[in-house]
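Next come the chains, spelled out residue by residue.
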Amino acid sequence: MIELDARRLMCPMPVIKTQNIIKTLSTGDKVRVTCTDPGVMQDIPAWCRINGHTVLKTEEIDHEYILIIKVGSD
Amino acid sequence: MATQRKAVALISGGLDSLLAAKVMLEQGVHVEGINFYTGFCVEGHTHAIRKKDKAKPKRNNALWSAEKLGIKLHIIDIIEEYKDVLINPKHGYGANMNPCLDCKIFMVGKAKQWAEENGFDFIITGEVIGQRPMSQRKETMPVISEESGADDLLLRPLCAQNLPETKPEREGWVNRDELYDFSGRTRKPQMALAEKFGFEDYAQPAGGCCFLTDKSYSVKLTDLWASRGKRDYEIDDIMLLKVGRHLRPKPNFKLIVAREEGENNFLQGYKKQFITLRTMSHKGPLTLLDGTASDEDLKLAAQIVARFSQGRDAETVDVEVAEKGVNKNFSVTPLKADQIQDSWRV
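As they're listed, the protein sequences go chains A and B. Residue numbers for the first sequence, in the numbering used here: 12 to 85. Residue numbers for the second sequence, in the numbering used here: 177 to 522.
Everything labelled a hint here was simulated from the structure, so no lab data went into it. In this text, all values refer to a predicted model and were calculated from it rather than measured experimentally. Hints may contain errors.
Below, a list of computed lysine-lysine pairs in the BS3-like style, where the Cα atoms sit at most 25 angstroms apart [to be verified]: (1) A/Lys34 / B/Lys286; (2) B/Lys288 / A/Lys28; (3) B/Lys475 / A/Lys81; (4) B/Lys504 / B/Lys475.
So that you can see chain A by itself, here it is in the shape it has in the complex:
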């Protein structure tokens, strides 16, 4: 699992960081993104839907928002 720390970044920067790291990964790889902007709970899943990736899990722990993403085929 690749870890991406996007804490203290405001949207859309966590989306951009997620996009940029996924570009370097292969189909089926997983990335865990940790953020503090609650906007990511809407924006990262939207970005994943349109770009063919799957959000496996989202959770909020102590004001941190965590998303686990599985990289799609394209």
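Assemble the complex: chain A is given as a structure, and chain B must be docked to it using the hints.
Below, chain B alone, put in the same frame as chain A:
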């Protein structure tokens, strides 16, 4: 069978870019979106700040547009490169600190570069002649095409029939007859086209999609540059211009006073970078001090912060000033309302 051509669409999140991309999809063109993040975009980054805004989660309209269109969206961070556009705009500013024409030239140029790197044939925008007073005029359309380097690979589907033929039209990649001739500030043709395509609930930002078109934001940016004696900024600077009440009681320092809980929480993230003030004897806002301050200045700052606390009518308010791990405590008389000078408000 003809090769399917590929267009990269500048997607701002507004209606015009949504429609322009849709017009291309209707003609069988493969479209992917590109969205540039300058740091001044109204989209995003205000999601989390003000508590009152949290009840209604704000969507990112560029992502929403892409999802409606069923296209990919590439969001590009241009914060660093954009500084030169804002600080040295060849074509000047609009009504506020908005360098709209230089901005459009820059973005189209970046889109062209992206298109070349990714094997795309041409670039589309949602521009409409006469729609915007600075960048979208008949005489600026060729300027954008030429200075961006896109030349006749830049197609504006919503007003193409009012403009010279571009390569995608000449080569038959798109059918010019099925493009549009919109012009002027009216939104009616766009709204009718949106209805035809079945788009509802699209974004209609009142002041455009950039904070630089906002008067009060531009005043704060100008003040920031004047106080520092140079026209430069970092991302934290431009974020903080959007938050809190800004007061400059003296040329050497400015106070950023949180207005509510959400801003208080946001400013907490800057405690290590700034001198901070908070009231100890009464509830009050977290305040950042940007600049340098003598003890006398700190006392004045404490009196101002006390004014915005629940102890505003008390005889004294205790204020803690923290700088690089060192705390100083002041017991001050809050300023009265009429002692907060209008000229301090940025």
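We went through each hint and held it up to the structure:
no. : hint                : result
1   : A/Lys34 / B/Lys286  : 19 angstroms, holds
2   : B/Lys288 / A/Lys28  : 22 angstroms, holds
3   : B/Lys475 / A/Lys81  : 54 angstroms, violated
4   : B/Lys504 / B/Lys475 : 10 angstroms, holds
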